[in-house]
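Q: First to last, the sequence lines map onto chains R and X. Quick note on numbering: the first sequence equals residues 1 to 266 in our numbering. Quick note on numbering: the second sequence equals residues 1 to 307 in our numbering.
Treat the hints loosely; a few may be bogus.
[Stated by the list, open to error] Okay, the calculated beta carbon distance ranges per label pair:
#, chain 1, residue 1, chain 2, residue 2, range
1, X, Val98, R, Lys176, 27 to 37 Å
2, R, Gly100, X, Ile163, 46 to 56 Å
3, R, Arg231, X, Glu166, 19 to 29 Å
4, X, Ile163, R, Ala250, 30 to 40 Å
5, R, Gly59, X, Lys70, 37 to 47 Å
6, X, Gln57, R, Gly135, 21 to 31 Å
7, R, Leu127, X, Leu20, 20 to 30 Å
8, X, Ile49, R, Val178, 44 to 54 Å
9, X, Asn300, R, Gly135, 35 to 45 Å
10, X, Thr19, R, Glu125, 51 to 61 Å
11, R, Ala169, X, Phe220, 23 to 33 Å
FYI, nobody ran anything at the bench for these hints, they're computed from the structure. Glycine is no exception: its CB is placed at the ideal position from the N, C-alpha and C atoms.
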Amino acid sequence: MRKSFSFSSVATVLGFAFLYAPIVSLIIFSFNESKLVTVWAGFSTKWYVKLFQDPQILGAAWISLKIAFISASLAIILGTLAAYVLVRFRRFLGKNLLSGMITAPLVMPDVIIGLSLLLLFISMESLFGWPAGRGLTTIIIAHTTFCMAYVAVVVQSRLGDMDESLEEAALDLGAKPVRVFFDITLPVISPALVSGWLLSFTLSLDDLVIASFVSGPGASTLPMVIFSKVRLGVSPDINALATIIIVIVALGVLVAATKMKPEKGY
Amino acid sequence: MGHKPQQGLLGWFKRRGRTLVIAIPFWWLMVFFLIPFAVVFKISFAEAIIARPPYSQLFTFAENGVVQIKLVIANYGYLLEDSLYISAYWSSIKIAFVSTLITLLVAYPMAYYIARSPLRRRNVLLMLIILPFWTSFLLRVYAWIGILKTNGIINNVLMWLGITNEPFVMMQTDFAVYVAIVYTYLPFMVLPLFTNLVKLDQSLLEASNDLGANSLTTFFKITLPLSVPGIIAGSMLVFIPVVGEFVIPALLGGPDTLMIGKVLWNEFFSNRDWPVASAVAIVMLVLLVIPIMLLRNAQNASHEEGA
Numbered sequence: 001m002r003k004s005f006s007f008s009s010v011a012t013v014l015g016f017a018f019l020y021a022p023i024v025s026l027i028i029f030s031f032n033e034s035k036l037v038t039v040w041a042g043f044s045t046k047w048y049v050k051l052f053q054d055p056q057i058l059g060a061a062w063i064s065l066k067i068a069f070i071s072a073s074l075a076i077i078l079g080t081l082a083a084y085v086l087v088r089f090r091r092f093l094g095k096n097l098l099s100g101m102i103t104a105p106l107v108m109p110d111v112i113i114g115l116s117l118l119l120l121f122i123s124m125e126s127l128f129g130w131p132a133g134r135g136l137t138t139i140i141i142a143h144t145t146f147c148m149a150y151v152a153v154v155v156q157s158r159l160g161d162m163d164e165s166l167e168e169a170a171l172d173l174g175a176k177p178v179r180v181f182f183d184i185t186l187p188v189i190s191p192a193l194v195s196g197w198l199l200s201f202t203l204s205l206d207d208l209v210i211a212s213f214v215s216g217p218g219a220s221t222l223p224m225v226i227f228s229k230v231r232l233g234v235s236p237d238i239n240a241l242a243t244i245i246i247v248i249v250a251l252g253v254l255v256a257a258t259k260m261k262p263e264k265g266y
Numbered sequence: 001m002g003h004k005p006q007q008g009l010l011g012w013f014k015r016r017g018r019t020l021v022i023a024i025p026f027w028w029l030m031v032f033f034l035i036p037f038a039v040v041f042k043i044s045f046a047e048a049i050i051a052r053p054p055y056s057q058l059f060t061f062a063e064n065g066v067v068q069i070k071l072v073i074a075n076y077g078y079l080l081e082d083s084l085y086i087s088a089y090w091s092s093i094k095i096a097f098v099s100t101l102i103t104l105l106v107a108y109p110m111a112y113y114i115a116r117s118p119l120r121r122r123n124v125l126l127m128l129i130i131l132p133f134w135t136s137f138l139l140r141v142y143a144w145i146g147i148l149k150t151n152g153i154i155n156n157v158l159m160w161l162g163i164t165n166e167p168f169v170m171m172q173t174d175f176a177v178y179v180a181i182v183y184t185y186l187p188f189m190v191l192p193l194f195t196n197l198v199k200l201d202q203s204l205l206e207a208s209n210d211l212g213a214n215s216l217t218t219f220f221k222i223t224l225p226l227s228v229p230g231i232i233a234g235s236m237l238v239f240i241p242v243v244g245e246f247v248i249p250a251l252l253g254g255p256d257t258l259m260i261g262k263v264l265w266n267e268f269f270s271n272r273d274w275p276v277a278s279a280v281a282i283v284m285l286v287l288l289v290i291p292i293m294l295l296r297n298a299q300n301a302s303h304e305e306g307a
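Excised from the complex, chain R in its bound form (with noise of 0.2 Å):
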């Protein structure tokens, strides 16, 4: 027992460094003076200030932020609708189906679901005349159905290992179905109402490859403008850059992490 024990320890610290090493490394060079990104030549907040004056970055960012925030409320609905029926709802015609769909997202390669996408946008502009053109409501489309996918899984383990009988006890003492799930459903989900909501925003925010193919002129999100920029090698404003998202989300998982203490696991 001991042995494999220490075996085990030592591979979880080899791998945690693993893990941390590169965004540690971003972080610091970060505030180097240098423009060779890995050669030390003091400390320097010139690529922040050089971050917040280029246009193109501060434009990129607020279009993706825009288009995070609405998928991940539109994902959030869908996606806990599909949970709540996925396991709530006994048997109905293509329970089957639904399941399948919502899962398959999670693994489907991103250039799949790009490129689908943007033929179906195609064929139904060419078919209906709708949507005119692609651009933000495009990516919000796409960006809402694999969230949407992320936002069931978590939901629907919440919802397995809720107490069926409080909703039970308030449908036998009259409350209407409707009410019952604003009443007593949505107030015990929360937790992963929220936690849902924050992981779609950040894959909306993330996602490169799906956006490059249903995007339209105008409409460059802010991978897509980072993509372009380090395809040609390192550049330090995009160093700091990640810093930026690096400290706000370490922040707010922290936040989360001491506001609502997990129970069981995760």
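Got chain R sorted already, so can you dock chain X onto it with the hints?
A: Then chain X, alone, in the frame of chain R:
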């Protein structure tokens, strides 16, 4: 319940509420997830033409009102003829397989350790596993450029230590691609393994010890076989998306790192041959059907266990 059926829209809504609740997510996914595959399938039989959109119509109406259907199978033939596609599929599957195996080897001890930790530490470690997942995937892949490139961190350290005089070439190689894949997909492997290992019945291990088995035997005879559903779920969560991975080979791989995601991207964005890109996607989907079924079975098994 003995309600009187109500009239009008409200009544309809009340009676049909259940159907409506099912229909909204169902039809959203039908329209924006399943039907798009049918569109891809259709366009994979079209012909690339210089027009907007750049593919021919399958159905045309002839003058006498007869519908003509023109299927072009050449796109699939093209995939077979040009060795580029076959070697790209093959090397994607190889890269996905090898990196899934490495990820499993790295993730298993971590998941094992986390599952055995006291509750407080367990939650902290789990949060540390999930945290990188919340920061930008693109930026974490980008971080490896600075670490692996010729005048990057690893080479600087090695040369400063005097281990080598010549920098190692690591960027734009398959090695860099493997490192970044294992790195980005590690949490996807650790989490399902953890969920499985944390449910492991400790009394089985105690019984095995009491009966005189040493810890290695106990591990291989009890822990490992019982964790197979977790291994399958984690492996598929890594393998399936990696087969179609684009960002990692595009940023870290070299020109000879062939991956089908990159080929599809180039076919679409550079060659603007949408029908061939569609055929590439359809073949990729067919290749992924078995792994996806495996994943579904593993997940269903763990759901039933949990219930």
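Q: Please go over all the hints and tell whether each is borne out by the structure.
A: Hints, verified against the model:
| no. | hint | result |
| --- | --- | --- |
| 1 | Val98(X) - Lys176(R): 27 to 37 Å | violated, 56 Å |
| 2 | Gly100(R) - Ile163(X): 46 to 56 Å | holds, 52 Å |
| 3 | Arg231(R) - Glu166(X): 19 to 29 Å | holds, 27 Å |
| 4 | Ile163(X) - Ala250(R): 30 to 40 Å | holds, 34 Å |
| 5 | Gly59(R) - Lys70(X): 37 to 47 Å | holds, 44 Å |
| 6 | Gln57(X) - Gly135(R): 21 to 31 Å | holds, 25 Å |
| 7 | Leu127(R) - Leu20(X): 20 to 30 Å | holds, 26 Å |
| 8 | Ile49(X) - Val178(R): 44 to 54 Å | holds, 52 Å |
| 9 | Asn300(X) - Gly135(R): 35 to 45 Å | holds, 39 Å |
| 10 | Thr19(X) - Glu125(R): 51 to 61 Å | violated, 30 Å |
| 11 | Ala169(R) - Phe220(X): 23 to 33 Å | violated, 48 Å |
Violated hints for the displayed structure, listed by number in ascending order: 1, 10 and 11.
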